[in-house]
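Undergrad: Model the full assembly from the supplied sequences, consistent with the hints where possible.
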Amino acid sequence: MKQIWLVLFIIFFVYALSAQSLLLKDVPWDDGKALELHWQFPAVPDSIQLSMSDRMGNPIDLSIPLSQSGMQVVRDLDPGQEYQIQATISFGDQQTSLTASSKTKEQWFYMHKMAFLILLLLICLAIIYYITAARHGKDFFIRRISGLDSMEEAIGRATEKGKPILFVPGIGDLDDIQTIASLTILSHLAQRSAEYNTELIVPCRFSMVLSAAREVVKEAFMKAGRLDAYKPDNVFYLTDDQFGYVAGIDGIMLREQPAANFFLGSFYAESLILAETGFSTGAIQTAGTAQAHQLPFFVVSCDYTLIGEELFAASAYLSRDPQQLGSLKGHDFGKLMVILLIIAGVILEIAGMSNLKDFIAGALK
Amino acid sequence: MKRSFPLVFAFIVGFLVLLAEFIPHRPFNDLISTLENWFMIISGFAILLGQISLIRVNSQIIAHKEENWQYHLAGMISFALMLIFGLLWGMREAPGLLGSGESFVNQMGMKPFDYLFTYAYMPLSATVFSLLAFFIASAAYRAFIIRGFESNLLMITAVIVIIGRTSIGSMLTGWLPESLRFWHIPNLADFIMEYPNTAAQRAIMISAGLGIVGSSLRIILGIERSYLGGDK
Numbered sequence: 048m049k050q051i052w053l054v055l056f057i058i059f060f061v062y063a064l065s066a067q068s069l070l071l072k073d074v075p076w077d078d079g080k081a082l083e084l085h086w087q088f089p090a091v092p093d094s095i096q097l098s099m100s101d102r103m104g105n106p107i108d109l110s111i112p113l114s115q116s117g118m119q120v121v122r123d124l125d126p127g128q129e130y131q132i133q134a135t136i137s138f139g140d141q142q143t144s145l146t147a148s149s150k151t152k153e154q155w156f157y158m159h160k161m162a163f164l165i166l167l168l169l170i171c172l173a174i175i176y177y178i179t180a181a182r183h184g185k186d187f188f189i190r191r192i193s194g195l196d197s198m199e200e201a202i203g204r205a206t207e208k209g210k211p212i213l214f215v216p217g218i219g220d221l222d223d224i225q226t227i228a229s230l231t232i233l234s235h236l237a238q239r240s241a242e243y244n245t246e247l248i249v250p251c252r253f254s255m256v257l258s259a260a261r262e263v264v265k266e267a268f269m270k271a272g273r274l275d276a277y278k279p280d281n282v283f284y285l286t287d288d289q290f291g292y293v294a295g296i297d298g299i300m301l302r303e304q305p306a307a308n309f310f311l312g313s314f315y316a317e318s319l320i321l322a323e324t325g326f327s328t329g330a331i332q333t334a335g336t337a338q339a340h341q342l343p344f345f346v347v348s349c350d351y352t353l354i355g356e357e358l359f360a361a362s363a364y365l366s367r368d369p370q371q372l373g374s375l376k377g378h379d380f381g382k383l384m385v386i387l388l389i390i391a392g393v394i395l396e397i398a399g400m401s402n403l404k405d406f407i408a409g410a411l412k
Numbered sequence: 131m132k133r134s135f136p137l138v139f140a141f142i143v144g145f146l147v148l149l150a151e152f153i154p155h156r157p158f159n160d161l162i163s164t165l166e167n168w169f170m171i172i173s174g175f176a177i178l179l180g181q182i183s184l185i186r187v188n189s190q191i192i193a194h195k196e197e198n199w200q201y202h203l204a205g206m207i208s209f210a211l212m213l214i215f216g217l218l219w220g221m222r223e224a225p226g227l228l229g230s231g232e233s234f235v236n237q238m239g240m241k242p243f244d245y246l247f248t249y250a251y252m253p254l255s256a257t258v259f260s261l262l263a264f265f266i267a268s269a270a271y272r273a274f275i276i277r278g279f280e281s282n283l284l285m286i287t288a289v290i291v292i293i294g295r296t297s298i299g300s301m302l303t304g305w306l307p308e309s310l311r312f313w314h315i316p317n318l319a320d321f322i323m324e325y326p327n328t329a330a331q332r333a334i335m336i337s338a339g340l341g342i343v344g345s346s347l348r349i350i351l352g353i354e355r356s357y358l359g360g361d362k
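These protein sequences, in sequence, are chains B and U.
Oh and the first sequence: position 170 is 217 in my numbering, straight run, nothing missing.
Oh and the second sequence: position 212 is 342 in my numbering, straight run, nothing missing.
Do not take every clue at face value.
Said to hold, decoys possible - Quick list of in silico lysine-lysine cross-link-like pairs, DSS-like style, CA-CA up to 30 Å: (1) B:K210 <-> B:K265; (2) B:K382 <-> B:K185; (3) U:K132 <-> B:K270; (4) U:K132 <-> B:K210; (5) B:K210 <-> B:K160; (6) B:K49 <-> U:K132; (7) B:K265 <-> U:K195; (8) U:K195 <-> B:K278; (9) B:K208 <-> U:K195; (10) U:K132 <-> B:K265.
To be verified - If you anchor each label on the Cβ, the simulated ranges turn out as follows: (11) B:I386 <-> U:I214: 55 to 61 Å; (12) U:L254 <-> B:Y176: 49 to 55 Å; (13) U:E151 <-> B:K404: 19 to 25 Å; (14) U:L149 <-> B:R191: 36 to 42 Å.
Derived by calculation from the structure, the hints in this document are not laboratory data.
Beta carbons: idealized from backbone N, C-alpha and C, even for Gly.
TA: So, in structure tokens, the structure goes:
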């Protein structure tokens, strides 16, 4: 009987030993700067001493919680390097040593962005298809955007009153797509103001925006055949400071009393200060931004507001170029796709299947 | 050449940045941060353009004694003072050309640049920001005037959210039984902010996202050229 108990004890002991493991492996589909550390012990240990190092012996700071099993990602490693880890685990008086090693590997694709890539490709293909169709003479219906149709009215009013037009390209730098969209609208506005011989004032917050805005306005005046009317000092730098910039523009609005104000681009807390000051001067105001939080302020204080997508569609809309108008149809395809995905997602979630949600959510990680 | 080079450059860089978003392997994974660093370096040089513009515009107004030229003079003096103090004695831990200005630090508690920043610039900036409170009141007054069905709905919703965010909201409907907790004003305000408001904002954000994709594609493919000043 004693022998049977001894055999059972040995089997249990061997099983218990085999149940403890330390595994270091590469994080899949990443930039090769992380490893996954997996551990499995027979019981919750009393203490764990870890030492991790690269091939040259340089230590890496690492600690794991006292738990029976778990996984931890070790980040900020060098790609393509071999790493070793040694753990000394204490269970009461007993100590066990475990080692593991692995190499970080750089991958050629972020697999979790697959959904993002598919959606992007579909939207891009749709836009290219509609552009090609427009190139072949297909006529597309584009709904009227009153904020952009009002541009003529605003310029006309400024011309009649002999007052200038104020264009604010937002408080974003040139790396903000909203600022780029704003400059494309500025190009059309500058051309019209050159044709009507109306003064255009463009205060800029950043030097990069200043140089781009000057170039845009100058080219527009040249295109209108009125290069002699171009005044480089009307496109000027104010300050990098957010509220200093606002104070400067408020001063311009109160002193110069522009007949039309355009606030197009990226805006934050200053949006209402600008729009309300402009409202108090009685100017016709058009605003546009993709900042959802600032839109209500513009809607309240401005005569016309370009909401989100309309800001990016403005240049295509104003140019009346069939190719650019065709690309706007691609946006509509994207909207249709998003609506269908939302409906499909809701139905699948109600049915208890979260595959689609997980697939899309992977791209948002 | 003047027009085609930027177009080719925009196509190559735009396409590479797009690729880098999906490829974690070197050199693509470092591409975006490298380009951002390039942008910062170019911006650093471009600051000079801004300063030249600032000095030129203001000095012309001062020289011709145009209307309100005194304000422009005050602006230029402020600009010069901050520049000189920053250059001579530095700011925070960074020393200037004449050291760290220990005598100023002993007298004023900080360097001249930091003193002006803390006691002149910061209050001025806060003053402009504080205007927002008054402008919100005037804008809200105009928005909530009852003109039709929509403005009526807007006003009712706004009143619920405003009251729900204050202690009066909890007090007014605090007596409601557990079965009617949904109609408790703070809960109603939370519901409005969490569901209808979030839904509307997300719709705007999705459409803006699509607009960004379309706009970027037009620029990468060279169809959109207005930002270069011309269409052709």
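Undergrad: Tell me if the straight-line CA distance from K132 (chain U) to K270 (chain B) falls inside 30 Å.
TA: With a Cα-Cα distance of about 16 Å, the restraint between K132 (chain U) and K270 (chain B) holds, given a limit of 30 Å.
Undergrad: Does the alpha-carbon distance linking K208 (chain B) and K195 (chain U) stay inside the 30 Å limit?
TA: holds (25 Å)
Undergrad: Is 36 to 42 Å respected by the C-beta to C-beta distance linking L149 (chain U) and R191 (chain B)?
TA: For R191 (chain B) against L149 (chain U), whose Cβ atoms are near 38 Å apart, the range 36 to 42 Å holds.
Undergrad: Verify the proposed pairing of K382 (chain B) with K185 (chain B), using a straight-line Cα cut of 30 Å.
TA: Holds - the C-alpha atoms of K185 (chain B) and K382 (chain B) are around 21 Å apart, at most 30 Å.
Undergrad: Measure nothing beyond the straight line between the CA atoms of K195 (chain U) and K278 (chain B); if it is 30 Å or shorter, mark the hint as holding.
TA: holds (19 Å)
Undergrad: Is the gap between the beta carbons of E151 (chain U) and K404 (chain B) within 19 to 25 Å?
TA: holds (22 Å)
Undergrad: K132 (chain U) and K265 (chain B) were given as a pair; does the straight-line alpha-carbon distance stay at or below 30 Å?
TA: It holds: about 15 Å lies between the C-alpha atoms, which stays within 30 Å.
Undergrad: Quickly compare the C-alpha distance for K132 (chain U) and K210 (chain B) to 30 Å and report which way the hint goes.
TA: Violated: K132 (chain U) and K210 (chain B) sit about 35 Å apart, past 30 Å.
Undergrad: Decide if the proposed pair is consistent with the structure: K265 (chain B) and K195 (chain U), CA atoms, cutoff 30 Å inclusive.
TA: Distance of about 27 Å is within 30 Å: holds.
Undergrad: Is the hinted pair K49 (chain B) and K132 (chain U) satisfied, with a Cα-Cα distance of at most 30 Å?
TA: violated (95 Å)
Undergrad: Quick one, are K210 (chain B) and K160 (chain B) close enough, alpha carbons at most 30 Å?
TA: With Cα atoms ~51 Å apart, K210 (chain B) and K160 (chain B) exceed 30 Å; violated.
Undergrad: Compare the distance between the alpha carbons of K210 (chain B) and K265 (chain B) with 30 Å, and conclude whether the hinted pair is satisfied.
TA: Within the cut-off at roughly 20 Å; holds.
Consistency with the previously given hints fails for numbers 4, 5 and 6, ordered from lowest to highest.
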